[in-house]
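Position chain B against the provided structure of chain A, taking the given hints into account.
From first to last, the protein sequence lines are chains A and B.
So for the first sequence, the numbering used here puts the first residue at 10; every next one is plus one.
So for the second sequence, the numbering used here puts the first residue at 4; every next one is plus one.
If you are wondering where the hints come from, they were derived from the structure by calculation, not from laboratory data.
Heads up, some of the hints might be wrong.
Claimed, not checked - Here are the in silico distance ranges between beta carbons for each label pair:
(1) A:His-19 to B:Ser-29: 34 to 42 Å
(2) B:Ile-15 to A:Pro-90: 36 to 44 Å
(3) B:His-114 to A:Asn-60: 44 to 52 Å
Every residue, glycine too, gets a C-beta built ideally from N, C-alpha and C.
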Amino acid sequence: DAGVIQSPRHEVTEMGQEVTLRCKPISGHNSLFWYRQTMMRGLELLIYFNNNVPIDDSGMPEDRFSAKMPNASFSTLKIQPSEPRDSAVYFCATQAARGEQFFGPGTRLTVL
Amino acid sequence: SQELEQSPQSLIVQEGKNLTINCTSSKTLYGLYWYKQKYGEGLIFLMMLQKGGEEKSHEKITAKLDEKKQQSSLHITASQPSHAGIYLCGADFSGGYNKLIFGAGTRLAVHP
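The shape of chain A in the complex, shown without the other chains:
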């Protein structure tokens, strides 16, 4: 298995632009998590899905952020419009049956 796949690995955009981050979970994992990591705030959970259904989105910063999981093999995190304070590394993680979460390599987002 290739593990959790995220794309793009790096994204540089200008303030106001729409950004879409993508995640392909490990096959058979039924929970998917989106995290954001910054120096100031550390690793924060944004939203998680169970069986493609959003369970808890209380970590989503504001309405500019949205996440979808249309099927078991794909999820997106969208920021529209993006702002410089959104610059961070965004991780997708999926959960195995016995509770451990496997993390993807992350997407490093820079908003100018």
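Frame of chain A, contents of chain B only:
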């Protein structure tokens, strides 16, 4: 997160020395997860602890969860340069969906 405190924030040791990293919770844990992160990369799962008094080992790394399930320690024996990185503990307070709250991390450097 203020719910989860890691100490020390950073650690520099000489190769071959033992070291301990602590993770303290303000409330009872349903599960405690240890991860390692290298700069620019995703998190690598190390160990998961769920039962009070539980102890697990992998190679030269041992993790323990105290009886009250509010504190965990990660111990590395005979450290090597390959152990360098950021160690994060993640706490499951939810008891169900493994929604993890992460500590701020401990940055470890091992000098040869």
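Against the structure, the hints come out as follows:
1. About 36 Å separates the C-beta atoms of His-19 (chain A) and Ser-29 (chain B), a value consistent with the hinted range of 34 to 42 Å.
2. Range check, Ile-15 (chain B) to Pro-90 (chain A): Cβ separation about 42 Å, and the 36 to 44 Å hint holds.
3. With their beta carbons about 47 Å apart, His-114 (chain B) and Asn-60 (chain A) fall inside the hinted range of 44 to 52 Å.
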